[in-house]
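J.: Assembling the complex is the task here: the two chains are given apart, and the hints tell you how they should meet.
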Amino acid sequence: MVEKPRIKLPPEAKKGEVIEIKTLIAHDMETGLRKDKDGKPIPRKIINKFTCDFNGKPVFSADLEPGIAANPYLAFTVRVEESGTFRFAWFDDDGTVTTADGAIKVT
Amino acid sequence: MTTRRDIILGAGSAALVLTAGAAGATPQEAAAAIQAFIGGKPAAKGNISIDLPEIAENGNTVPLAITVDSPMTADDHVTEVLVVAEANPLPRLAIFHLGPMAGRAEVATRIRLAATENVTVVAKTSKGAVIMAQKPVKVTIGGCGG
Numbered sequence: 001m002v003e004k005p006r007i008k009l010p011p012e013a014k015k016g017e018v019i020e021i022k023t024l025i026a027h028d029m030e031t032g033l034r035k036d037k038d039g040k041p042i043p044r045k046i047i048n049k050f051t052c053d054f055n056g057k058p059v060f061s062a063d064l065e066p067g068i069a070a071n072p073y074l075a076f077t078v079r080v081e082e083s084g085t086f087r088f089a090w091f092d093d094d095g096t097v098t099t100a101d102g103a104i105k106v107t
Numbered sequence: 001m002t003t004r005r006d007i008i009l010g011a012g013s014a015a016l017v018l019t020a021g022a023a024g025a026t027p028q029e030a031a032a033a034i035q036a037f038i039g040g041k042p043a044a045k046g047n048i049s050i051d052l053p054e055i056a057e058n059g060n061t062v063p064l065a066i067t068v069d070s071p072m073t074a075d076d077h078v079t080e081v082l083v084v085a086e087a088n089p090l091p092r093l094a095i096f097h098l099g100p101m102a103g104r105a106e107v108a109t110r111i112r113l114a115a116t117e118n119v120t121v122v123a124k125t126s127k128g129a130v131i132m133a134q135k136p137v138k139v140t141i142g143g144c145g146g
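Those protein sequence lines, which keep their order, are chains A and B.
According to this note's numbering, the first sequence is numbered sequentially starting from 1.
According to this note's numbering, the second sequence is numbered sequentially starting from 1.
None of these hints come from the bench; they were simulated from the model.
Check the hints yourself; a few may be wrong.
[What the hints assert, rightly or not] Here are the simulated DSSO-like cross-link-like pairs (lysine-lysine), alpha carbons at most 27 Å apart as the crow flies: (1) B:K127 <-> A:K57; (2) A:K49 <-> A:K8; (3) B:K127 <-> A:K49.
[What the hints assert, rightly or not] Chain A stretches covered by chain B per the calculated footprint, using a threshold of three residues with CB under 8 Å from any CB of chain B: (4) 49-60; (5) 76-83.
Quick caveat: nothing in here was measured; it's all calculated off a predicted structure.
Every residue gets a Cβ at the ideal spot worked out from N, C-alpha and C, and that includes glycine.
Chain B on its own, in the form it takes in the complex (with noise of 0.2 Å):
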């Protein structure tokens, strides 16, 4: 039987281990996830439109939208998006996969933020280009886990 003791007693863990798992996470595991993707290959600031809230009132589930500028032809396209939340416990939130079939690269999901970060966008395209842009967000109430 779940008492209510439990549950204030289970929401009260959850935000310890929040603080702990936020803590374990560096600006240098970030940009060490950035760099394995784009292999020492340098990143210019590109045409990535980030879709974020301002304002994240709950970091467990915050909006995101990327759209790359790029034509996504056969030869010019889009192949690969990362996404990095430097705060988060684990840095990388995902890679996305694209080709020409995607006539757009546009992608949308839905992250965790642990806390108020900066979230990073990084694009590869078939030309052999690396394309980063940036955007921060303010949370109020962290994302448990990351």
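Pulled out of the complex, with its shape left as it was, chain A reads as follows (with noise of 0.2 Å):
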């Protein structure tokens, strides 16, 4: 079971206004460098890509690599027009698509 990721991002804002997202996941973020206690290579397993999408339009992305923490953290900032939708992805090597929504009123 994955876990619900988590979004820091204010329920209003006034328009034109930029605000903070903060977003964070759990995940291992596994390397593909490490070895079990066994000297087996533990494969690789990261998230490898994050995006972040305002009312169908891409606002932010990330392409990451191992050098990421575990749990990855992002915080970027957007300027918000008008009332709407975060849609935000993050994408495991396993094929796995992780997605949530956050809304924002704009006034």
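T.: Next up, the structure:
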């Protein structure tokens, strides 16, 4: 069972305001460089991509490598001009895509 | 069943892997990662603030915050930001894609650092400029892997 990602997003903002969004997803970010206690390499399994869209338009994305710490945390800013919904997506090496939504009211 | 001995052995092998991995990275590889990103364009020392601890006690999770000085308007904004740690087994850590909708060119995350090393941030702008900044970090216990 994948834990629900955590998102910190203000519920309301003024038109044109720059808001900060913080996201975190529980994930080992296994680098593929480590070995288990029998000396066998542990296969790489990381979140390799994160995207954030607002009302269907891409606003921020990140290509992540094994050098990003476990439970990848990302904070970034967005200038909001209208009310709408953010869609966040985390792409796992195994093909799994975890998504989450967050709404904001802009006045 | 996990015995205490297993745990000790496990920790030992993790440390071994770390040393082996860290030895695999060279400044040349880090430079190659930067070159691949900027594609031969000259990089100027730019107004990028890199917020990293001076001393990171645990290389497994080191907070990093980047602010690029940019108006972030439709015709002059930061488009991409690359983060490289030169002594990591895999020097390239992340590429962030931004646009004018960001409002400010600010990104924060947490990174792994294998050893005491320099962290380099390279930013590309919509006007075709490439700017770069670097910050050293002392790492007490290296983060496994890269």
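J.: Determine for every hint whether it applies to the structure shown.
T.: Now the hints, each set against the structure:
no.: 1; hint: B:K127 <-> A:K57; verdict: holds, 22 Å
no.: 2; hint: A:K49 <-> A:K8; verdict: holds, 19 Å
no.: 3; hint: B:K127 <-> A:K49; verdict: holds, 26 Å
no.: 4; hint: 49-60; verdict: holds (count 5)
no.: 5; hint: 76-83; verdict: holds (count 4)
Hint compliance for this structure: every hint is met.
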